[in-house]
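2 protein chains.
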Amino acid sequence: MMVSEKQENPSILKRGWLWFRDIPSKPIAKLRDVARRAIKVAEEDPRRLIHSLKVGLTITLVSLLYYLQPMYNNLGASAILAVMTVVVVFEFTVGGTIGRCLNQGLATLAAAALAIGAQRLAILSGKRSEPYLIGLFVFIQAVAMTFLRFFHNVKAKYDYGVLIFILSFILVSISGLRTNNVLNLAQARLVTILIGASSSLAVCILIRPVWAGEDLHKYVAQNISQLGNFLEGHMDQCFKTLPDVGIEITKPSIVNLDSILVDSKVKEETLADLAGWEPGHGQFMFRHPWKQYLRIGNLTRQCACRLEPINGYLNSEFQAPKEIECTIQEAFTESRKALKELAWAIETTTEPSSANPHIENLKITSSNLKSLLRSGIWGDQSDVLQIIPVAAAMIDTISSVEQIGDAVKELSFMAKFKSRTAEIPERCD
Amino acid sequence: MMVSEKQENPSILKRGWLWFRDIPSKPIAKLRDVARRAIKVAEEDPRRLIHSLKVGLTITLVSLLYYLQPMYNNLGASAILAVMTVVVVFEFTVGGTIGRCLNQGLATLAAAALAIGAQRLAILSGKRSEPYLIGLFVFIQAVAMTFLRFFHNVKAKYDYGVLIFILSFILVSISGLRTNNVLNLAQARLVTILIGASSSLAVCILIRPVWAGEDLHKYVAQNISQLGNFLEGHMDQCFKTLPDVGIEITKPSIVNLDSILVDSKVKEETLADLAGWEPGHGQFMFRHPWKQYLRIGNLTRQCACRLEPINGYLNSEFQAPKEIECTIQEAFTESRKALKELAWAIETTTEPSSANPHIENLKITSSNLKSLLRSGIWGDQSDVLQIIPVAAAMIDTISSVEQIGDAVKELSFMAKFKSRTAEIPERCD
Numbered sequence: 000m001m002v003s004e005k006q007e008n009p010s011i012l013k014r015g016w017l018w019f020r021d022i023p024s025k026p027i028a029k030l031r032d033v034a035r036r037a038i039k040v041a042e043e044d045p046r047r048l049i050h051s052l053k054v055g056l057t058i059t060l061v062s063l064l065y066y067l068q069p070m071y072n073n074l075g076a077s078a079i080l081a082v083m084t085v086v087v088v089f090e091f092t093v094g095g096t097i098g099r100c101l102n103q104g105l106a107t108l109a110a111a112a113l114a115i116g117a118q119r120l121a122i123l124s125g126k127r128s129e130p131y132l133i134g135l136f137v138f139i140q141a142v143a144m145t146f147l148r149f150f151h152n153v154k155a156k157y158d159y160g161v162l163i164f165i166l167s168f169i170l171v172s173i174s175g176l177r178t179n180n181v182l183n184l185a186q187a188r189l190v191t192i193l194i195g196a197s198s199s200l201a202v203c204i205l206i207r208p209v210w211a212g213e214d215l216h217k218y219v220a221q222n223i224s225q226l227g228n229f230l231e232g233h234m235d236q237c238f239k240t241l242p243d244v245g246i247e248i249t250k251p252s253i254v255n256l257d258s259i260l261v262d263s264k265v266k267e268e269t270l271a272d273l274a275g276w277e278p279g280h281g282q283f284m285f286r287h288p289w290k291q292y293l294r295i296g297n298l299t300r301q302c303a304c305r306l307e308p309i310n311g312y313l314n315s316e317f318q319a320p321k322e323i324e325c326t327i328q329e330a331f332t333e334s335r336k337a338l339k340e341l342a343w344a345i346e347t348t349t350e351p352s353s354a355n356p357h358i359e360n361l362k363i364t365s366s367n368l369k370s371l372l373r374s375g376i377w378g379d380q381s382d383v384l385q386i387i388p389v390a391a392a393m394i395d396t397i398s399s400v401e402q403i404g405d406a407v408k409e410l411s412f413m414a415k416f417k418s419r420t421a422e423i424p425e426r427c428d
Numbered sequence: 000m001m002v003s004e005k006q007e008n009p010s011i012l013k014r015g016w017l018w019f020r021d022i023p024s025k026p027i028a029k030l031r032d033v034a035r036r037a038i039k040v041a042e043e044d045p046r047r048l049i050h051s052l053k054v055g056l057t058i059t060l061v062s063l064l065y066y067l068q069p070m071y072n073n074l075g076a077s078a079i080l081a082v083m084t085v086v087v088v089f090e091f092t093v094g095g096t097i098g099r100c101l102n103q104g105l106a107t108l109a110a111a112a113l114a115i116g117a118q119r120l121a122i123l124s125g126k127r128s129e130p131y132l133i134g135l136f137v138f139i140q141a142v143a144m145t146f147l148r149f150f151h152n153v154k155a156k157y158d159y160g161v162l163i164f165i166l167s168f169i170l171v172s173i174s175g176l177r178t179n180n181v182l183n184l185a186q187a188r189l190v191t192i193l194i195g196a197s198s199s200l201a202v203c204i205l206i207r208p209v210w211a212g213e214d215l216h217k218y219v220a221q222n223i224s225q226l227g228n229f230l231e232g233h234m235d236q237c238f239k240t241l242p243d244v245g246i247e248i249t250k251p252s253i254v255n256l257d258s259i260l261v262d263s264k265v266k267e268e269t270l271a272d273l274a275g276w277e278p279g280h281g282q283f284m285f286r287h288p289w290k291q292y293l294r295i296g297n298l299t300r301q302c303a304c305r306l307e308p309i310n311g312y313l314n315s316e317f318q319a320p321k322e323i324e325c326t327i328q329e330a331f332t333e334s335r336k337a338l339k340e341l342a343w344a345i346e347t348t349t350e351p352s353s354a355n356p357h358i359e360n361l362k363i364t365s366s367n368l369k370s371l372l373r374s375g376i377w378g379d380q381s382d383v384l385q386i387i388p389v390a391a392a393m394i395d396t397i398s399s400v401e402q403i404g405d406a407v408k409e410l411s412f413m414a415k416f417k418s419r420t421a422e423i424p425e426r427c428d
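Protein chains in written order, with numbering that gives the first Met the number 0: chain A, 0 to 428; chain B, 0 to 428.
Just so you know, not all the hints are guaranteed correct.
Which copy is meant is left open, because identical chains are indistinguishable; a pair holds if it fits in one copy or across any two.
Said to hold, decoys possible - Straight line, CA to CA, 25 Å or less: simulated DSS-like cross-link-like pairs of lysine-lysine: (1) K154 with K13; (2) K290 with K362; (3) K29 with K154; (4) K417 with K336.
What the hints contain is simulated information worked out from the structure, not anything from laboratory work.
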């Protein structure tokens with residue numbers, strides 16, 4: 000403000016000052032932007048911040064090995080390997096960390112054993128041919144293991160292990176050419192990896208653990224619930240189910256199904272893979288049927304794909320003969336209720352019996368809708384292109400909801416969900 | 000066969016022999032299974048085998064550093080780091096390898112510089128407080144960088160670099176506590192990484208390179224073509240367009256759209272990210288509009304989602320009033336032709352002008368279909384639930400095809416595709 004008084008003809012000095020003053024503003028704006036995004040990332044899931052602190056803590060703890068003289072005397076320079084291990088194995092979820100620790104440990108063990116065997120074999124063949132044989136072994140091993148990484152099931156769960164196998168095999172077998180105590184080297188590697196992996200595991204599980212299984216469980220339930228929200232949003236917009244009383248009610252906005260359609264599959268598969276490594280925790284036993292969640296997820300996506308076109312047809316001007324409109328509205332209501340009940344049943348790990356009446360109603364509604372449409376009572380023929388696609392989508396959606404209901408029922412059976420009537424004490428005879 | 004002669008009462012000796020004979024059969028069966036799967040993996044994409052051989056070759060070449068005395072004298076034990084670098088940076092595509100090399104190089108450089116700075120600062124503060132300060136720096140760095148990995152755009156392209164940054168910072172700063180020649184250590188690390196990274200890059204680019212950009216280009220074109228195949232398969236099944244001549248024609252089977260709906264998004268985004276690292280190659284310049292392929296991919300998925308429900312409605316008993324059937328059939332034919340032309344235009348990097356007449360026809364067909372349906376000429380009312388959803392899906396599909404056409408046109412403009420008329424020499428005035 001003070002600058003504008005002399006804005007017409009600012010002196011060179013003033014101009015220079017303005018230029019000088021603006022130098023730091025760009026990096027500061029950039030920093031502020033990064034800070035804003037960091038806050039957003041942390042707000043989306045506060046466990047991310049806790050995870051970062053956990054990693055920092057573990058790294059600092061393990062690097063004590065390097066600071067403390069007695070520890071350093073025993074392990075020597077390879078103590079640094081323990082810190083490296085923490086950096087690469089510490090994952091966000093417990094399942095991820097366990098999977099990486101097991102991969103790292105087993106791959107190092109197997110590779111070291113094989114490499115020592117290869118080295119002994121090479122020594123037997125004589126001093127001159129030793130490097131050639133080692134070179135050949137390294138080549139064959141690298142080609143075979145790199146090719147193995149293309150196998151679909153290896154890539155999903157053991158990709159990291161295969162990489163560590165290649166690294167360890169090369170390290171141990173090649174080092175054998177320069178030092179005689181390969182066994183010592185392999186042993187030091189194993190001990191340091193053990194230290195790094197066990198501290199990571201301890202911190203990961205003991206301080207505010209993030210379970211992949213629990214995340215998957217909640218995520219699948221939440222997606223089903225989202226479908227319900229989608230129906231609710233459309234219902235209120237088309238059929239004006241909300242009472243027109245004086246009080247302003249915030250209408251539920253239309254839910255976007257894109258995240259379910261596009262991103263959910265990869266997320267669910269990753270979580271299910273990670274959950275497979277996890278021990279029992281909370282309400283989930285060790286061999287919880289995680290695969291069943293993938294089935295439910297697939298059906299949820301199918302249902303979303305069937306509901307999605309409705310977006311284009313339903314708007315506030317949706318008009319159909321009264322009877323058809325009522326039936327479609329009932330299909331909406333019952334589907335929404337059934338989906339909500341199913342989501343709630345998963346969330347609370349109780350049997351989905353409360354969804355049954357809604358699913359029964361849906362079956363009736365579906366056949367009603369079909370016979371209504373076939374009977375040909377079209378008030379105004381010009382609406383046929385709006386009504387039938389919506390009706391057809393609803394008929395498809397109803398069969399999807401039924402399938403989701405069956406899949407959730409199967410899940411509740413496999414995972415021994417609590418019975419709804421368990422609270423009611425049994426009558427004594 | 001020979002065993003079965005005495006099957007009624009085989010002697011103990013024979014039984015023992017049978018048991019003994021079967022011991023190796025299980026591992027052999029397992030091996031045979033693995034071999035069968037390996038052959039399948041290699042047949043799906045023979046470049047995988049070549050890639051594995053390339054990795055083996057590079058690793059063996061770089062490990063020569065360790066075998067040869069003069070090289071070893073210069074680099075010492077850290078020569079092994081060059082081999083490690085090859086193992087971690089050598090990716091399937093050129094883009095992946097370049098990205099990893101840049102990440103590794105820049106992250107190591109930045110981390111080493113920062114760590115040396117931190118170490119100097121700690122030394123200034125006095126001998127006693129040095130380890131505490133280093134510990135604090137390591138902690139802060141680890142927390143900040145781990146948190147950074149949650150940022151969406153960092154995760155997509157720089158996740159590996161951040162990991163290497165954490166590792167290098169810890170290595171250099173902590174090693175400073177035990178050795179005085181931190182600069183030497185950092186230098187040796189950089190040199191070995193440079194050797195490993197440059198040999199990986201050389202082998203990756205010079206011997207049968209796999210370009211992520213080219214893969215993306217072909218993949219997007221192929222998916223559009225798949226939509227065309229889907230329409231073709233349905234057409235032949237429902238409208239019996241194939242002539243019933245004596246010669247047995249193998250009908251095109253119904254194409255499954257699942258792979259487009261489910262897996263394509265992740266694959267396309269990964270390839271586009273990798274392609275961003277690649278230099279110009281073949282018909283693609285350095286800044287080829289890779290993002291536009293993602294747009295086309297999204298529209299292709301949308302179209303697939305609209306076409307998918309048709310599966311449930313169309314079967315050999317599809318019957319509609321002649322006029323409607325003809326219009327729907329025309330929508331099928333023109334959509335198929337337009338999609339095939341668009342796919343062909345992308346594949347051959349020529350302007351998609353040949354798709355224009357089909358798209359124009361589609362616009363007319365779409366409005367014809369709409370007015371036909373609104374006019375209400377329903378031969379038999381009972382088919383309305385089959386006809387209208389198919390017709391509605393086709394109307395949606397047509398608008399999708401138009402959008403794909405526009406997006407491909409934009410791509411051809413951005414990427415300067417060859418003009419169709421380029422071959423015809425211009426007339427001299």
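Which numbered hints turn out to be false for this structure? 1, 2
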